[in-house]
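*Asks:* If you want the building blocks of each chain, they are given just below.
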Amino acid sequence: MLLEVAGLDLRYGATHAVKGVSLTVGEGEIVTVLGANGAGKSSLLKAIAGAEKPTGGTIQFNGRDITGRGASQRVRDGLVLVPEGRQIFVSLSVEENLLMGAYTRSGAEVARDAEEIFDRFPNLEARRHAPASVLSGGEQQMLAVGRALLARPKLMMLDEPSLGLSPIVVDQLFDLIAELNAQGLSILLVEQNTQMALEVASRGYVLELGALRAEGTAEELAADASLVEAYLGNAEDAA
Amino acid sequence: MLIVQQVLNGLMLGGIYVAVAVAFTLTIGILNFLNFTIPTLFMLAGMIGWSVSFYGLPFGMSEPLGWIPSLAIGILCAIVASLIVERFTYRYFKAKHGDATEHAIPLVSSLGFLLIFEYMILIAHGSDPRGFHTPFGDLNWRVAGLVISIPQVVGLIVSLAIVAGLSVLLARSKLGRALRATAEKPDTAVLMGVEVNRIVPIVFIMTGLLCGLAGALFAVNYGEVSPFMGEQVGTKAIAGMVLGGLGSVWGAVAGGLIVGLTETFSIYFFGATSAQVTIWGLLLVILLIRPKGLFGHNAIGKGKF
Amino acid sequence: QETLKLGHIVPRSGPLKGPGEPSIAAIDIAVEEINAAGGVNGKPLEIVRFDSASDPKQAALGARTLAKDEGVLAIIGPFSTGEAAVAFNVAEREKLVMMSNASSAPGLTDGKEWAWRITEDEGKQFTRLLETLEKMDIPRASAEIVYVSDERIANVVGTQLYPALLEAYGIPHGEPVAITYKSFDLAPQIAPVVQTDPDLVAVAGLPENAAKTIRELKRQGFDGRMIGSQVFSDPNILELFGDLAEGTTFMAGFHKDSSPEAAEFDARFIEATAEMGIRKLGAHHSDAQSYDAVHLFAKVMEEQGITGDPAKLEEERLAIREGLKDVTFSGVLGENLCFAGGDAELPGYVITIENGEWKLMDSHPADPCDDTAS
Amino acid sequence: MPDPILELDGVGKHFGGVVVLQDVSFHVARGARHALIGPNGAGKTTLFNVISGVFPPDEGTVKLNGRDLAGVPSRRRIAMGMARSFQNIRLMPHLSVVENVMLGQHARQGLLGQLKPVGLLPQARERRAALDLLDAFGLDAYPGQVVANLPYGIRKKIEVVRALMAEPELLLLDEPAAGLNPTETAALRDFLMEVSARGVTLLVVEHDMPFVNSLCEHVTVMNFGRLIYDGTAAGVREDEAVLEAYLGHRRKGATNAA
Amino acid sequence: MSGYLSGVIAILGINVIFAYGIFVTAAAGQLNLGGAGFQAIGAYGAAILSLEFGLGIWAAIAAATVIGGLIGFLIAFPILRTRGVYMVLATFAFAQVVVGIVLNSNYLGGSMGLIMSDYIETGAIIWATLGVILFVFYLMSTPMGLAMRAVHDDEPVADLMGVNNRAVQVAAFALGGAITGLSGALYAYYFGFVEVQYFNALLSIFVLLYVLIGGTQTAWGPLVGAGFFTLIPEALRMGEDWRFLIFGVLIVAMMILRPEGIVTRDAVDRIRARLSPRARDA
Ligand SMILES: Nc1ncnc2c1ncn2[C@@H]1O[C@H](COP(=O)(O)OP(=O)(O)OP(=O)(O)O)[C@@H](O)[C@H]1O
Ligand SMILES: Nc1ncnc2c1ncn2[C@@H]1O[C@H](COP(=O)(O)OP(=O)(O)OP(=O)(O)O)[C@@H](O)[C@H]1O
Ligand SMILES: CC(C)C[C@H](N)C(=O)O
Ligand SMILES: [Mg+2]
Ligand SMILES: [Mg+2]
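Chains as they are written, first to last, in the numbering used here: chain F, 5 to 243; chain V, 594 to 898; chain R, 6 to 379; chain E, 915 to 1172; chain U, -11 to 270.
There could be a bad hint or two in this list.
DSSO-like cross-link-like pairs, simulated, lysine-lysine; straight-line CA separation at most 27 angstroms [to be verified]:
#: 1; chain 1: R; residue 1: Lys304; chain 2: R; residue 2: Lys317
#: 2; chain 1: R; residue 1: Lys304; chain 2: R; residue 2: Lys100
#: 3; chain 1: R; residue 1: Lys330; chain 2: R; residue 2: Lys48
#: 4; chain 1: R; residue 1: Lys48; chain 2: R; residue 2: Lys73
#: 5; chain 1: V; residue 1: Lys767; chain 2: F; residue 2: Lys23
#: 6; chain 1: V; residue 1: Lys778; chain 2: F; residue 2: Lys158
#: 7; chain 1: R; residue 1: Lys73; chain 2: R; residue 2: Lys364
#: 8; chain 1: R; residue 1: Lys100; chain 2: R; residue 2: Lys117
#: 9; chain 1: F; residue 1: Lys158; chain 2: V; residue 2: Lys767
Here's a subset of chain V near chain F, in silico, CB distances under 10 angstroms, partners left out [said to hold, decoys possible]:
#: 10; residue: Val673
#: 11; residue: Lys778
#: 12; residue: Arg791
Ranges of calculated distance between the beta carbons of each label pair, as one might list FRET restraints [what the hints assert, rightly or not]:
#: 13; chain 1: E; residue 1: Arg1039; chain 2: U; residue 2: Phe123; range: 17 to 27 angstroms
#: 14; chain 1: R; residue 1: Asp248; chain 2: V; residue 2: Tyr648; range: 16 to 26 angstroms
#: 15; chain 1: R; residue 1: Gly252; chain 2: V; residue 2: Leu595; range: 22 to 32 angstroms
#: 16; chain 1: V; residue 1: Arg791; chain 2: R; residue 2: Gly179; range: 58 to 68 angstroms
#: 17; chain 1: R; residue 1: Ala41; chain 2: U; residue 2: Ala223; range: 27 to 37 angstroms
#: 18; chain 1: V; residue 1: Pro651; chain 2: R; residue 2: Lys140; range: 20 to 30 angstroms
#: 19; chain 1: F; residue 1: Ala134; chain 2: U; residue 2: Val54; range: 44 to 54 angstroms
#: 20; chain 1: V; residue 1: Pro651; chain 2: F; residue 2: Thr59; range: 35 to 45 angstroms
#: 21; chain 1: V; residue 1: Ile743; chain 2: R; residue 2: Glu180; range: 24 to 34 angstroms
Hint data in this document are derived by calculation from the structure and do not stem from the laboratory. All values derive from a computational prediction rather than experimental measurement. Even for Gly, the Cβ is constructed at its ideal location relative to N, Cα and C.
Work out the full structure: start from the sequences and follow the hints.
*Replies:* Dropping the structure here:
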């Protein structure tokens, strides 16, 4: 297993946001975490990334216990989080934001990889030297994803990457996820676009009020009527 | 002749302000942190330098030392103090939610340190100014009836050299980028792999070094140090920094020199107490016309809707 | 009540800490002497201190506290003109004697009943200096004035006394040049002063300011004489001025060689301050004045039969004031000294620095007290 | 179109050399549920900013209820009946949830109302109104909390509630469903249907096409700052230009146009 | 009441009022590092009105308050052109100029100060303090107070909510100027002396610290902050210079432990909830 989280617990003062969650992500796997607003998905990812200090449990990455490691060290280990809400650096230019993603790397490849991102997201190319603050919401999201890709991680955790992206770009994004996965990148994905998430993922977990409510293969989850009712919505309802 | 001499006096006085103004502008520009301990770092270098040259190292570790090693120790102490400030102010400053007064948090702790350092020195050495003696009889250069202070000229040149280096470093390098990112969103910078606790201290080391050097030059030049020298130079340096525009290193250079000249001529024409009105009045007027100073950049905004 | 309580308001921090704080040692020496000899009316003296931090308001607060809470019989201090000008109002309100030990601006006690001081007026002292200069025919064709504008006493002296007195002695002078207490770079102010090449530069400022002034004067090539009244006349200026001090001439209200008692006091004082961790080269006139103030109070209290009984506090405070009115006293300051109005009449010593030493150039006896002036 | 509430006529906007809006003209009918869609960077949010007065258009006019808004300061527009939410959540971080919502009432209170000590009166009408609206959105668990730490989806909803608190005639919503899961999205849609039934006109920017399709009867599509489609919701699924630029062909039968 | 206690209470009262003057602008997002300047205006206003124009105590205090407000109003326009740290330093510059003008004016006593002919006792200050506290609590409970806090958090959004940012900020400055002016007038009458050196940069810094350490989120902040700052040094009085050192350490510790100030909304809500479970949603 690439990532093994066991009994992870996270409290913010009185709020018990994550309650003893265990999950695994295998080498080359795409795993998704689903749940309602406030279920604790973002908190879980932040704890795995080291941005929040868990109050219990252990995290193993690449066969090594990283529970006590700092967030920046985990990036060096190859564990990267694309945080919720974009979090781009508005005081840096678009290009500088991308390069920040490659902070732990150096060499000529970085520039090449950056060009590749620009090729994929022409909107970014057009604003390359502009301050990132002028980007539209969706463009900022593209930038956030592109930035994470530049880290060349082993495991990428994406927190609602499709937020604010137009349908075409969502498609592109999920294609990209599949493509990267094919190249060996493992992915832990939190998505509100549950149908697409379950389409690309092989396995999934469902969180409710901080605790694991269900886990299984994507097909199992998609077929679970009670889950569909609570989180996944159903096609007729939406149509 | 008197006028020429006064222009020289103004530029040399401004030279002292420049180094401190640059230190201010660095921490504001890079870390968005108005670090009020900067004047005390300047003072620490001078006072500790004096103390070592007068009493020797503490706990009887040495006899009084010569002026060069004493000032070197003073500068070192300023750097260490600056690092202590980093440890207890900036490191605790996590911009959780952006709002108009957020820069107040480290600012307040830095004011706490201002009191701590100033009163530590006052407790140790009292409030009196102390003479600082160098072996040079006369540190002045007299040409054509003009008196020019050599340490001040050296100080100005050193400041300018450091400034030139810094401005290139910050605008272009990976370090500069990481620092700016950290200033804006420390939590996110960490997620990029930035070791915030390693790179932020670099800024504080530079700050300590700049202030320390300025403090040492001050001691040599005026042959005197005092626990209040920081306040004196600090407020004017702030004026210089604001005049130039926050975060603009060359702006701080220009601002520092403008303040020096303004002060000198204000004193010359209207008397000692007039400088306060002219310097700060000029600042207000300039802010009225250019709310971001002469060479200021746009401040970090919240981004778009 | 076991002891007779006197208040002492002293600047233990702020700009006046340097000259002001050592008065603690001077007062303690006197108290020790008196108590060792059996106290006053059989009771030991006790000093209750309050730190004014060189701040007039703190001095006033201290006066109020000492008067109301501590029930002191009288107060020594506050130290400086700035502090006294404000705190004296409290003395009037609370009705107890306040004896300032250093404030020397003219007119400070005028129209007040409870405000006293055991220092000599700067105007009188500077007049004595000018007299001596004239007597000794020291070059004085022209003068410039440099003063510290944000210290009350220096400001009064620099803007009012020096100009008037220099004129009275026929010495032309330029517009007084202000420096501020904390200015470090005096080049812009001093440049025009040196330009006129005066014989004398009269300085009004605390020792540190005087030190800076002389340093800048010399740097710019001044070769005349720096003079001053009492404001910077601290024995420590020898160290503070360094080798630039030579020839500086000024007034002091105390001189250790004026009497054997004075010399003994000076020596004990240096020891006592050293114990406090303060390095003094000798007693400042305000230290001698503080020392004598304690003895003076002891004398008056003895004469008035003060008991320190809290029930009689009000009347005993009044008795002390009445006792001061026609007292004469002797001490380290001089013999048979007295008060004219609220102000003590004290001698003045003209000091010049020669070969790195204080040298007595001339001395002026205390004026006699004129009973009609008040 | 009969009685449009909002009329845009030839609106243009550029930042420096970058043209962001170009000749945008369309109307929003009173009482309509109108969607504004388009690719990322098409200029939708910019158009919202122009309508709400964050910055003036460089060209063209914006009319609300027939009145030209040129020169009307942004803060007046909410009192004229237009309220909006924000794509990047902009709640007041130091205000509690209920205070954030009460801020929505600001424009409706006169100077005297501004001086009523609402905070000292636990039963004040202003507070009750805010609490009731929060209840209606299922947010009754949160009123006293500071918003900063709430989950994204919750904050997104509070934004909508705050805008509604202004009792607008025209409600501009910038991606209200972003960050909501399908079930919550459906609930939001139902709620907006109710709001619409009360006569409030909706202009919604949204990328969630099932949501758009089930809520709005009229759709305007932008690309590169220009209008490329303005018509019925049904028609947009057949429009080749829109498919090309925005929806994409591949999954058109599946998720996007469900 | 003992003399010492009444003295401390008077200073506390003056500081509390002063802090509220700064708080009112800080609550609306404007950090005023020019407190000393505004207080000097009140103090010198009262002094001149009483010494030169013979106004009675209360008339002079009221007039000084109005003058403070007026100057706050006028200076708001240029100062509000700047933002963030620039504004902090513009207010600082303003105070420096005010003090500089006093310093250079013989009419205002220059650096020698003015000695008042009348004085007030602690009781008067206590009443004034209570009045100001009640007023600010009232203000912060109104929609206007809410608007001020909204301006503090996010100006552009407040604007779109219909808040007239400019008016709120100018009003806050005027009100802050008036309250600060009041504190200055009381100061002048209580100490019987105004001297310009008192109104120095450190004073501006201190009063801002009262407010920021107390917390800008609720009207309790300045009360707690000014109380803490006035009383702790008194409690530490034995230590002389040490007390400021300890004080500095406390400031740093405070910011580490409670970066948003001693009193935050959360804290107030929690206390209130404990006191009356009914008002939990307040
Ligand atoms: N910094 C924080 N301090 C206090 N409570 C927090 C903090 N961050 C999150 N919480 C609380 O933890 C719980 C879980 O929040 P989290 O953001 O992880 O939910 P989520 O599943 O990501 O929701 P969403 O889908 O809306 O993003 C919520 O109740 C939230 O209020
Ligand atoms: N101040 C500015 N300077 C330069 N370009 C800008 C500025 N503001 C916006 N833009 C550009 O204008 C375009 C439109 O932005 P806008 O935010 O309106 O897009 P949008 O349609 O809302 O997109 P999204 O769906 O991604 O939110 C973007 O490409 C953006 O980069
Ligand atoms: C000791 C002196 C400097 C005090 C001075 N004589 C004064 O009146 O303030
Ligand atoms: Mg989340
Ligand atoms: Mg948008």
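*Asks:* Please flag the earlier hints that this structure goes against, numbers listed from lowest up.
*Replies:* 5, 7, 10 and 18
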